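Engineer: First to last, the protein sequences are chains A and B.
Position 136, counted from 1, in the first sequence is what this note's numbering calls 136; the numbers after and before it change by one each time, with no gaps.
Heads up: take any position in the second sequence, counting from 1, add 1000, and you land on this note's numbering.
Calculated from the structure, these hints are not laboratory results.
Keep in mind the model is a prediction, meaning the values are calculated, not measured.
Don't be surprised by glycine CBs; every beta carbon is placed ideally from N, CA and C.
Treat the hints with caution; some may be incorrect.
[To be verified] Under the rule of at most 25 Å between Cα atoms (straight-line distance), these lysine-lysine pairs were calculated in the DSS-like manner:
no.	chain 1	residue 1	chain 2	residue 2
1	B	K1117	B	K1078
2	B	K1117	A	K77
3	B	K1053	A	K77
4	B	K1070	B	K1053
5	A	K10	B	K1150
6	A	K42	B	K1136
7	B	K1109	B	K1053
[Stated by the list, open to error] From the structure, some residues in chain A lie toward chain B, with a derived Cβ separation under 10 Å:
no.	residue
8	S76
9	N113
10	Y116
11	S191
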Amino acid sequence: MAVCIAVIAKENYPLYIRSTPTENELKFHYMVHTSLDVVDEKISAMGKALVDQRELYLGLLYPTEDYKVYGYVTNSKVKFVMVVDSSNTALRDNEIRSMFRKLHNSYTDVMCNPFYNPGDRIQSRWALLPVSASSPGGPYFLCPIQSRWALLPVSVSSPGGPYFLCPIQSRWALLLCPIQSSRAFDNMVTSMMIQVC
Amino acid sequence: MADEALFLLLHNEMVSGVYKSAEQGEVENGRCITKLENMGFRVGQGLIERFTKDTARFKDELDIMKFICKDFWTTVFKKQIDNLRTNHQGIYVLQDNKFRLLTQMSAGKQYLEHASKYLAFTCGLIRGGLSNLGIKSIVTAEVSSMPACKFQGTMQKGVTDTPNKMFRWILCHRNGRLRRLTKPNIILKT
C-alpha cells in the first residue's frame, strides 16, 4: 500500500502530491523532493548506457529505514514518485509496475482533458479528511459533499477494514467519456492507497 | 474508414469557423492563423502524451523527429512523412507529398493562397508534440504545389533539457548544521 504518491512536472515542481494524512505530511514532501536527484541521475546514466535499457519504470530509487521510494519517468519527462511502507514486504515489483501503469494511464487522460491546462496543478474537488486515524482497521476516509454529485458507497467492508465513500459518476463526466476528469484521477490514486492487502 | 473523413471535415469547418468569427482586422494581421496554431499546439501536447505512453524512451532529437515522422503521422494522417531532411544544426524539414488535409482542395496551383490557413493547425500539432517531449521549436509550413507541402521545424538551442544537478540541502540533525549532499544516502531518522 502506497503511503505517498507524487506527480512531478518536467520543470521539477509538483503537479499533484498526496500522502496518507495520518502522519507528518511534510516528511513525505521532503522525501519526494530528495528523490528527484536520484531520478535525474538514473535518467542521465541511462542515456550513456546501452540502448536496450530504455524502460520508463526506474525501479527502487532509495530505501530508508521505514519506507522505500520508487520512480517512473514518462517520455514527456513527467515523473511519478511513489513511497511505500517498508513493512509491507508482500508488495512485489510487478505490482508496483502495474500501479505506475495505471497512474500513467490516468495522467494521460488528465492531459487530454480540454479543460486542463498543461502545467497547472491537478486539482481535485474533494479533500480527504481522516475521520479516525488510530482505529485498528486503518485510516478512514470521508469525502465531504461540495457539489451536486451524490455520495454512493462503493466498498463497505467489515468493521475492521477501511470505509471508502465514492462520488457517483455525473452525466457531465459521462458525456466527456473517455476523457476522465481529474476527479477520477484522484479516485484512482485514493483507491491505490487504500488497497487492502 | 469513416474517422479520416470526420477529422478532415471537422478541420475544414474549424478553419472557416475561426475566420467567420474573426473581428475586424484580425484576418489581415494573422491572428486567426495564430488561433488555429494554438489549438493545434494544445491538441499536439495531449496526443503526444497518449502516443508515447507505451514506447521506449527516446535517445536524442533525431529519434524524436523520426517518431513524429513515422508513428505520429501515421496515427493522425494514416500515412508517413515522405522525406525528412536535417542539417544537424537543429533544422528539420518534413516533406509530405500528398498531405491529407489538402488533397481534396486542388492538385496543382489553384487555391494556393488559401493553403496556409489549412496548414496552421498541423504546424501547431507538431510544435505541441515537440514541446511536450522537451524541445522548444518554431514550425512553419510552405506549399509550392498542392497537395505536397513541407513543414520546417527550427529547434531552439539551449532550451533542450540538460540534466541539471539540483543539490538538495539536507539538514544533518546530528550537529544541526546545513550540509550539502548530492546523494541522499543517509537514513532519515525521525
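Engineer: Each of the hints needs a verdict: does it hold here or not?
Structural biologist: Comparing the hints with the structure gives:
1. Distance restraint check for B:K1117 and B:K1078: the Cα-Cα separation of roughly 21 Å lies within the 25 Å cut-off, and the hinted pair is therefore satisfied.
2. The hinted pair formed by B:K1117 and A:K77 fails the criterion: a straight-line CA distance of about 32 Å is larger than 25 Å.
3. Simply put, B:K1053 and A:K77 have alpha-carbon atoms about 12 Å apart, close enough for the 25 Å limit, and the pair holds.
4. At most 25 Å may separate the alpha-carbon atoms for a hinted pair to count; B:K1070 and B:K1053 meet this at roughly 16 Å.
5. Under the criterion of a C-alpha separation no larger than 25 Å, the hint pairing A:K10 with B:K1150 is inconsistent with the structure, at around 30 Å.
6. With a C-alpha separation of about 24 Å, the suggested pairing of A:K42 with B:K1136 holds against the 25 Å cut-off.
7. Taking the CA atoms of B:K1109 and B:K1053, the gap is near 40 Å; set against the 25 Å cutoff, the hint is violated.
8. Interface hint status for A:S76: upheld, as the beta-carbon distance to the closest one in chain B is roughly 5 Å, under 10 Å.
9. The criterion of a C-beta within 10 Å of any C-beta in chain B is met by A:N113, whose closest approach is roughly 8 Å, and the hint holds.
10. Restraint check, A:Y116 versus chain B: the minimum CB separation of about 9 Å is within 10 Å; hint holds.
11. Hint on A:S191 is violated. Least Cβ distance to chain B is approximately 20 Å, over the 10 Å limit.
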